[in-house]
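Let the sequences and hints guide you as you build the complete structure.
Residue-level listing of the chains:
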Amino acid sequence: MDRVTFLTLFAPAQSDFYHPSCANIALMCGAEAFDGLKIRHKSNQKTSNKKQHNPPPYIPPRPLPNSTDRSYKIFSVIMSFLAGSANAALFIPTWHHSFHPLFLLHRSLSRPSNAALVRYLLIRGISSRLRLKLWDSRLPPVQNEKTKREYEKTCSKILHKTPSDAKQNRKVIERDVNRSVFGSVRRTKTDSKNTNGVIRQIIKSLSSPSYDRDDNNHPLHHHRRDSSGTITTIDSMGVSSTTTTVNKASFEDVNDYAVGGVFTSTANDSTRTLKIKSVETLLLVGSMEWGVGYCQGMDYVAGNVMRVVERGTEEDGEGVEITVSPSEEIRIRNSKSAGAELRQVPETENPETPPKTASKFKTVISKAFRFRRISTSPSSNPTTPDSVSGKFSPLPLPPTSSLDTHTTTSPTSAPPPSPLSPHNTTYITYKLTSRLFLNLGLSQFYAPGLHLLTNITSQFSKIFEIHLPVLSDYFDRIGVDVKILIIKWFQTLFIIPSIPTATLQSIWDVYIVTKRFDIFIKFGLAILKTCQPLLLVANLEDIMAWFGEIPRKVIEGRGCLALAESFEF
Amino acid sequence: MRLKVVLLGEGRVGKTSILFRYIRNEFQEKQQSTLQASYMDKKIKVGTTTAQLSVWDTAGQERFHALGPIYYRDADGALLVYDITDSESFTKVRKWVKELRKIVGGDINIVIAGNKIDLERNRQVEEKEVLEYAKSVGATHFYTSAKQNLGLEECFTDLATKMVQQNLTKLQGLAGGFQPKGGKSKLVVVDDTGEGKKSSGGGGCC
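Sequence lines, in order, name chains B and L.
Following the numbering used here, the numbering of the first sequence begins with 1 at its first residue and continues without gaps.
Following the numbering used here, the numbering of the second sequence begins with 1001 at its first residue and continues without gaps.
The set of hints was computed from the structure by calculation and includes no laboratory data.
Some hints could be false.
Unchecked claim - Lysine to aspartate or glutamate pairs mimicking EDC-like chemistry, simulated, CA-CA at most 16 angstroms apart:
hint	chain 1	residue 1	chain 2	residue 2
1	L	K1147	L	E1026
2	L	K1102	L	D1074
3	L	K1042	B	E541
4	B	K553	B	E568
5	B	K462	B	D476
6	L	K1042	L	E1026
7	B	K529	B	E465
8	L	K1043	L	E1153
9	L	K1045	L	E1154
10	L	K1043	B	D476
11	B	K171	L	D1086
12	B	K529	B	E565
13	B	K171	L	E1062
14	B	K171	L	E1088
15	L	K1162	L	D1107
16	L	K1030	B	E174
17	B	K483	L	D1074
18	L	K1042	B	D542
What the hints assert, rightly or not - Okay, the calculated bits of chain B under chain L, using three or more residues with CB under 8 angstroms as the criterion:
hint	region
19	438–451
20	476–486
21	540–554
These numbers come from a predicted model, not from an experiment.
Just so it is clear, CB atoms sit at the ideal spot from N, CA and C, and this is done for glycine as well.
This is the structure:
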């Protein structure tokens, strides 16, 4: 990193640069203002000392720092020695948990920008269970974090007797949450008349009178396996493959269409409880001591966290969204079928269940053990390097094949009570959301005035001009400001219906690992670059419609993510 | 002639509903909160002139006030909406007027719309106060209801007429500079030729 520039503002939240006033000053004075404030790279300092008598060469200010990471270089040297390719880490099969690339990479996790890990997250992605662990470990606990008991206490207090200052917030939150369509695709306001695509079909199928969202037994509802053995699609959006062809994609597909308005639903939760839950979370996060209050967009973030938590705590690994090596795929498949059967247990279980065999017992034990390992949260043990490695070493599923066979053969064994079981999700959601807001500076992002949001959009428009000059010129010509078009992307941090969940989560993973907003800018650029040919022939109305509802095909797969990764500022 | 109109006002006063009702004649009871500015086009005839209204809908929540300038920067007109059952929303209108006058200047045409007139019995904003205020800032005032489709046509037509007139006088001024014998009868034609003359005139000078 040779020069500290605008986006130092987006450095980890602990630094003072997060302060909106500081951000404004930086924006006004440009990159130069920051040089004196922030420590330069050592080598840079040396050269500048030597050349003191010469006027320093003019370096045009760059909008973003170069992301060069020494640890990545060291890592790539080792990897290229071992496997002959710098990208070897991405292709290591996961035979054993100690070989898992994430485990190999965790040593350098503490670095603010870790190119190798980012690459891994973007190009390959991680499973939803691993994601929850990653988020949990990367978001250090906040000061005065409430314990579960305290949380429940305040929760009931807030819900029954809202303090006067939060009343206005509550009104708005409830309105927003009530109006958002749970577990289904939001209909965007600028939906163009001529979209005959996926989204329209989905909307049609959802608005059909036969569909009842609260009906848990409905075949369209969240992941169910019907008698014929075909998996009707899992998406929390609840669209079955019979009504649309979209969701014929099974769980192997990277593109899971469960974006929904804001919140996902599971088979256990009705829409109502979900709504109550989310209102709770938002109220609590909003009323915390730093006083973010409530801002539109926060509901999206909380909803996404809830989704991550729910997916991560699902017992059967249903939410796995990545395409992986064949061996892992089989494992997912096994665990999935096992899970589907396990799920039916509470319905059919009667007190006279046959005594469990030794192998079944073993399964239960190992499952319980697995969950206990996962649940070691950083709040309980301080993050020493050892504990970190301990947290990362276990895979979402123990790699021994014995477990899989056992689970498949013992469908009647009841799942053990785990600390991450679904009824705990609200607390975990609250915990992660509050950490996100405190540690990653989202509280500043949504704070009154929206300085950071305004800054990031103007950053984007500048970078956009540099990287995509032709499109930028075209937008100028037809008289549209790119800031208007992209503000929604940043306001919700890309949690918008048009973006497939897998893609979205990958971006968020990177955001949480790097703790910087760079990735959002990069991804936005990638989308625009992919669609440049299309946008260059569209008129203003079409462009607005396009931005209102980005065609999913554009963002499908990992192509856009790879493109995003390639951008350097 | 392309005219840009922005809908401004506090959250949940019904800006999006107004837009949908006016342009598509649709109404949704549970309209979602607006996040992104959306945009819709409508052709409108004012006298002999056909104008294309591009109406921009904005997010109303207090915090998004800061983002206002990117929306109204080059707007020809603003429709400030308040909810007659919510006195706070009217105070917000005052704020918007001040801001617009300060930043955009006197050029922008302002129309104030008291929405949700169907809920007359819950009225909280005094009619007298509103009318006086509107007069004092040089704005027209209308009562509207997106739900029952009341007053919207009048409201937009009035705004469009104002904007068209303003634009025409501007163009006339421009055209007058280069074409002393400007035809008065065909204003629309003057509009087209005026621009052309301007560029050719500039070329001739150099």
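If any of the earlier hints don't hold here, list their numbers in rising order.
-> Numbers 4 and 10, in rising order.
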